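**Q** Kindly generate the complete structure, drawing on both the sequences and the hints.
Residue numbers for the sequence shown follow numbering that gives the first Met the number 0, so the first one is 0 and each next one is one higher.
Everything labelled a hint here was simulated from the structure, so no lab data went into it. Among the hints, a few may not be true.
[What the hints assert, rightly or not] Here are the simulated DSBU-like cross-link-like pairs (lysine-lysine), alpha carbons at most 35 Å apart as the crow flies: (1) K70 x K171; (2) K70 x K400; (3) K400 x K171; (4) K44 x K123.
Everything numeric in this text was worked out from a predicted model, so none of it was measured.
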Amino acid sequence: MKNKETLLLLAAFASQVSAFAQSVDPVEAFIKEQTSKLEERIPGKFNINARSRYEIFDLDNGNSSNDRSGKSSRIRYGYTTPNLAGFTAMVEGETLTRLGGAHDDIHFLDDAGDGTDLNQAWVKYADADYGHVKVGRQIYALDDHRFIGHVGWRQNIQTFDAATAEFSAIDKLSVKGFYLDAQNSVAGDNNELDATGANVSYAFDKALKLTGFVYDIEGDETSNQNASNLTYGFRATGAFNIEDAQFSYSASIAEQEDAGPSSLSYDASYYACDLAAKFSNSIVIGAGLEVMESNFRTPLATVHKFNGFADALLPLKGFTNGLEDYYVYAGYKIPLGNGINVKAIYHWFDSESSGTPGQDGGEEIDFVASYKVNKYITLVTKYGDYDTDGGVGNAGAFDKKMFTFEINCIY
0 MKNKETLLLL AAFASQVSAF AQSVDPVEAF IKEQTSKLEE RIPGKFNINA RSRYEIFDLD
60 NGNSSNDRSG KSSRIRYGYT TPNLAGFTAM VEGETLTRLG GAHDDIHFLD DAGDGTDLNQ
120 AWVKYADADY GHVKVGRQIY ALDDHRFIGH VGWRQNIQTF DAATAEFSAI DKLSVKGFYL
180 DAQNSVAGDN NELDATGANV SYAFDKALKL TGFVYDIEGD ETSNQNASNL TYGFRATGAF
240 NIEDAQFSYS ASIAEQEDAG PSSLSYDASY YACDLAAKFS NSIVIGAGLE VMESNFRTPL
300 ATVHKFNGFA DALLPLKGFT NGLEDYYVYA GYKIPLGNGI NVKAIYHWFD SESSGTPGQD
360 GGEEIDFVAS YKVNKYITLV TKYGDYDTDG GVGNAGAFDK KMFTFEINCI Y
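**A** This is the structure we're talking about:
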């Protein structure tokens, strides 16, 4: 059944691509003309990032109020000043609109739904030889987003009230540091933080980049105190060729313990690795694993990127029995128009510790396809089907399916 659903989704997406591609040329010309006129009058850079999405989530827990389907739109609109002696500033608003359905996309500014908010407002000083410093509300992410991310797939992107900096005066060396005062989450919450961190990487060559990091995250004592943790670890990434195949890999290891106002007491480890091979610039196959010990949590991460599209297993607050995620994937660029990129992922989940006797974490199949119509417009569809077998302690206790189709317009 799952294979049949995947093939039907792929066929429907290809049909939409063919029809949509024929109607966007006038739109592209209009956007280019109008923005050019505006920037002639006002120096600087205007940006527009719009997304319209149809979404279905089905949680099989016997309570239909937890299911949702509907349409939503999100538009971010901003302005960045010209460079003045190394200084630039940026302000950006975001408007989210419910277009129908009983519950729609839950990731609005608040539980009520529609709203407008200040998304970014920052000042930056940059020196071409030494690096940069940025202060204010900003989008911020590190490495693969596992610990610090912007959750860009959500309609309401995650931002931070922060001071961030990067030192890059030494060739191949990058030293990044941050102070986070607040997290503006995808659900519209403003969570107070007292978080500091450093991320240092050195690129020896294409085959090896090493990164060391330490993140001290302390949440507010009254609302998100148990998000507090101290995490430190290492990450290696690289790419190499064997004959006609292009290989890429990543491997991470980290240790975490409770910190600050947390009411918990724990020590937990994290391990992850991934290996992929690309052939003829159109076929990709790969496999990987991710292991979190009990209570390991990632409250500031782009969690949707990991452990399945259905979001049945989210380590924001940690798993009581830990998590093991083993996965394989395959991708292909279909030679239709500009090329449709498709990818299928299969996950096997389990508890990291012994957990409940006879309990298995379940399995999930994911599918994603994207088509870049032109430099401004991209179509994306996603499908995730999580099949539980008891879950992993405090998560994944019910079957869950998701489907989204979206149109992204960026200038």
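**Q** If a hint holds in the structure, say so; if it does not, say that too.
**A** Against the structure, the hints come out as follows:
{"no.": "1", "hint": "K70 x K171", "in the structure": "45 Å, violated"}
{"no.": "2", "hint": "K70 x K400", "in the structure": "17 Å, holds"}
{"no.": "3", "hint": "K400 x K171", "in the structure": "43 Å, violated"}
{"no.": "4", "hint": "K44 x K123", "in the structure": "15 Å, holds"}
Checked against the numbered hints above, the structure breaks hints 1 and 3 and satisfies the rest.
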